[in-house]
Amino acid sequence: MLLKRVIPCLDVDAGRVVKGTRFVGLVDEGDPAELAERYAQAGADEIVFLDISAAPDGRGPLLDVVERTARRVFVPLTVGGGVRSVTDMRAVLRAGADRVALNSAAVADPSLIGRAARRFGSQCVVVSIDGRRSPDGDADGGGAVPEGPHWEVVVRGGREGTGRDVVAWAVEAAERGAGEILLTSIDRDGTRAGYDIELLRAVSSAVSVPVVASGGAGRPADFVAAIVDGGADAVLAASIFHRDIHGIAEVKRAMAEAGVPVRPVDPLALEGDA
Amino acid sequence: MNGGSSPAADRPARGRESDGGERGASSGGSERPVAVVVDYGAGNLPSIVRALEVAGADVVLAASPERVGHPDVVVVPGVGAQAPAMRRLHRTGLAGAIERAVDDGGWYLGICLGLQVLFERSEEDGSRGLGWLRGDTRRLRSATTLPHIGWNGVDPVTRHPLLDGLPAGVPMYFVHSYAPDPEDRSIVVAETEHGGRFASVIAAGRLLGVQFHPEKSGRDGIRLLRNALAIAAGRTPGAELLAAETTGPIGSPRDPDGRLSPCC
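Here the protein sequences line up with chains D and R, keeping their order.
Position one of the first sequence corresponds to residue 162 (our numbering), numbered consecutively onward.
Position one of the second sequence corresponds to residue 1020 (our numbering), numbered consecutively onward.
The shape of chain R in the complex, shown without the other chains (with noise of 0.2 Å):
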């Protein structure tokens, strides 16, 4: 123990009560990024707490918005419906946290429905999710079989390092039955074929989501995790590229009291 260690350098502990994520890994001493996994009751904490950390993250799980601090990523897990989801974000002001970690310069990575949120309005209950990148979630409408549930390949439709070392077509284990569909078809990195083709990886500046589960995906769901982690830390290079080339949640209109206006 170093009495006079600063907060910054007081590196946070999976479980710690006090503090939230904090960037700034080399001052503990400690290489490995941090990743505050968002807590709002939505999914199968365990695994992707445990996937993170084999990844090679310092994991700090975050049920109220103080513990969200500053980390290198924010994880927003999730399976199951939008609408009590964003209700469980906004009322806990876990919504306001990660807008905040990520306007500091914190990546966000969503998995499933946390990639849905980022969107403006999802078709299954006509809820608002974020807003903070143009395009509604939507059903497969053409799948013959719903929900989607299983191991499907996962075809690059552009390069990312967040696919970095995955063969083309990699499977991954993804269940849903909605999936959004956004305006801006560049931010599209990845697509995935059932009943018709929809977009199961993006990368928006940022903001990183995949539709399946990496966590459950096996070790190419970890290595994926890795790639995130490593982008999130900067070491991938052309982080920074990456994350200046859109606007991301950064550039969306907001009201005079700092929350995002309703979407357009």
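For reference, chain D alone in the conformation it holds in the complex (with noise of 0.2 Å):
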């Protein structure tokens, strides 16, 4: 039986560690490599970088971490962020890179995803959402609307809509090609308030390729409603593993105890962390 995964998101700029609450306010929290080869031994099944470097040439250490990445954590490694076609794939793919997530590339283009899926394969290629709650019958002056609660896909970190659906869109992806879906609250992403079960239930009945639950986890409950309820197969989370709020593998104690099949954390490898 596949397990359930855990992963710790590491935003780079410029080859730095750094996460924002809601993308702003950003605090330098390290070395990409370091930080996810001490992520590795803690228990996590897999490390996400997503690089969010504004400046053009920002790419160049994005790549230079990759590299330095592969050679010392031996888990999967996803990466995203600025990925805008199958040429920029291509070196992260050989800078050590397993997968590579698209975004705001794939939905200005979406046959983006066929080619990269067809030159890839599908398991290398993620598609990361970034879904904003439309107003809907909470909203002042409005009724209740009936097809009840809808997300509308945004990209440059929330700053621009799109009009586009998430689930649609989801759907649309994983169609293409995706072979998995990062979706991300942008609601929720930083404020610790929990995922949004409702869109990850929306998206994860929608589609049959895995889906990663991303924004808004605060404690070790959260991890466990995204998967038992939000139907999410890996749970993403940044800010409460960087600030050591909570660790790997008190999360994923939470989760076997939830009966969610999880990989086991080595005792040992966590008093060598220590």
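Since the hints were made in silico from the structure, they are not lab data.
Treat the hints loosely; a few may be bogus.
Claimed, not checked - Which residues of chain R face chain D? A partial, calculated answer using Cβ under 7 Å: (1) A1070; (2) N1171; (3) P1190.
To be verified - Derived CB-CB ranges, DEER-like: (4) R:G1188 with D:E411: 18 to 26 Å; (5) R:P1103 with D:E336: 21 to 29 Å; (6) D:G324 with R:A1082: 44 to 52 Å; (7) R:D1144 with D:T352: 46 to 54 Å; (8) D:R233 with R:D1122: 33 to 41 Å.
Stated by the list, open to error - Footprint (simulated), chain R over chain D, 3 or more residues, beta carbon under 8 Å: (9) 163-172; (10) 231-241; (11) 281-293.
Treat the numbers as computed from the prediction; the structure is a model and nothing was measured.
From the three backbone atoms N, C-alpha and C, an ideal C-beta is built for every residue, glycine too.
Put the two chains together into one complex, using the hints given.
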């Protein structure tokens, strides 16, 4: 039986780890390769690097980081952010990434997903979707909207709407060859108020590819809820791991206690990590 | 530098241009087994090279037959479809060099596609593998989701030193849609469940193969690579016996040119 994955996400800017609340107010949190290794030792099932470099020349440091990480981290590595073409993808994969996450470039040109999947295989192609809850019946002056909640695909860290519906886009991405959907709730991102379970459920019930929950993890129970109630196959978090509010082992323990199959954390690894 | 060193004593360093992998670690003073990683353009090599180094090997990357030489173990990695992989292995002459290395007493460790190519035919594209082991590579038909990606348990069906120190059901990282279906079930060391059960670890004489990616399976994956190196370097009690147990590629039918004949 496939195990549910716990994935720390490192936001990388010009080769350094940062993590903001709602993508503003970034704080430098160190060297990505070192942090990634620490997380792998602590029981991370996979590592995600999200490159948020604004500068056009920010790619060089990222490739260097990926290469250094691949040499010391022996769990799968997914790299996203700023990947705009098959050529970009190739560079990141050659540097040692196992999978690449496409976001706004796929929204701008959905055919990129199919081209990437044909070139590298679906297992290499993650489509990352940032969703924002659209005003519904709870909005001021509005009555109940019969279709229930819905979410709009946003890009540029939530600063720009696209008019696309998240569920429809996830279905299209999977049909075009995405091997996985990394689903971030922009409303919850950085809030530690819990994942948007409704959003997760809406997407995970509409696609057959794995869905990774992202945005809002605050307590171990949130991870359990994302899987048990949201139908997620993996759970991703950043700040609660970076700030050591909850460790990966603690999260996995909570998951196991709730009956979620997880890869056990090697206690020796934790000692070595201390 | 010792000027008069023989080629055998002149241990290959990773990245060296001239010589390939050569056994005989003891003559060079180093005790590290030599692993040649076959570079035929399929897959993420930095990870497997580094994982083998961490596991204790001197690693040589071989993109040409001359670089393969006669190492303790030839590691054939790979992700993707078999047909283009086999074309590259044959076109480059690497297939022949791998066979010579194994014929000469070296061990083979296939990872993912590197395991599948040991068998006769792949259902994926109808292409022929090396055909050193009987059976075809088949799609995981009854699985609800393919590709099979993620961490899954490896359940031993027999004892083998490749799994020494690893608990039954140890999770390893998989990325694939096909798996070999060996005719001779006695070569299956472990199985994994995804829809149905498939062979995830194979050992046939000096031919070892794993369907998962030890280089992506954390500490347990490194442990498995360390076991493979110990077996290949003859440091595992009974390794010679293991090697003699089955005929492996050595007993395969050949044509007069010394190439493997078309599989039967």
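Task: Given coverage of the segment 163-172 of chain D by chain R, tested with a Cβ cutoff of 8 Å and a minimum of 3 residues - done: Per the Cβ count (3), the hint holds.
Task: Whether the CB-CB distance between G324 (chain D) and A1082 (chain R) falls inside 44 to 52 Å - done: Cβ of G324 (chain D) to Cβ of A1082 (chain R): about 49 Å, so the range 44 to 52 Å holds.
TODO: For G1188 (chain R) and E411 (chain D), compare the CB-CB distance with the range 18 to 26 Å and indicate the outcome.
DONE: 23 Å, holds
Task: Hint check: 7 Å Cβ-Cβ cutoff, A1070 (chain R) to chain D - done: OK, holds: A1070 (chain R) within 7 Å of chain D, min 6 Å.
TODO: Check, residue by residue, whether the segment 281-293 of chain D contains three or more positions whose beta-carbon lies closer than 8 Å to a beta-carbon of chain R, and give the verdict.
DONE: Result for this restraint: holds, n = 3.
TODO: Starting from the hint 46 to 54 Å, judge whether the C-beta atoms of D1144 (chain R) and T352 (chain D) obey it.
DONE: 48 Å, holds
- [ ] Return the status of the interface hint for N1171 (chain R): holds when the least beta-carbon distance to chain D is below 7 Å, violated otherwise.
- [x] Cβ of N1171 (chain R) sits 5 Å from chain D, so the hint holds.
Task: Hint check: 7 Å Cβ-Cβ cutoff, P1190 (chain R) to chain D - done: Constraint on P1190 (chain R) satisfied, holds at 4 Å.
Task: Pairwise beta carbon distance, P1103 (chain R) to E336 (chain D), judged against the given window 21 to 29 Å - done: 25 Å Cβ-Cβ, so the 21 to 29 Å window holds.
Task: Verdict on chain R covering the segment 231-241 of chain D, where coverage means 3 or more residues with a C-beta closer than 8 Å - done: Satisfied; 6 residues make the cut.
TODO: Could you check the hint for me, namely that R233 (chain D) and D1122 (chain R) are 33 to 41 Å apart, CB to CB?
DONE: 36 Å, holds
Consistency note: the structure conflicts with none of the earlier hints.
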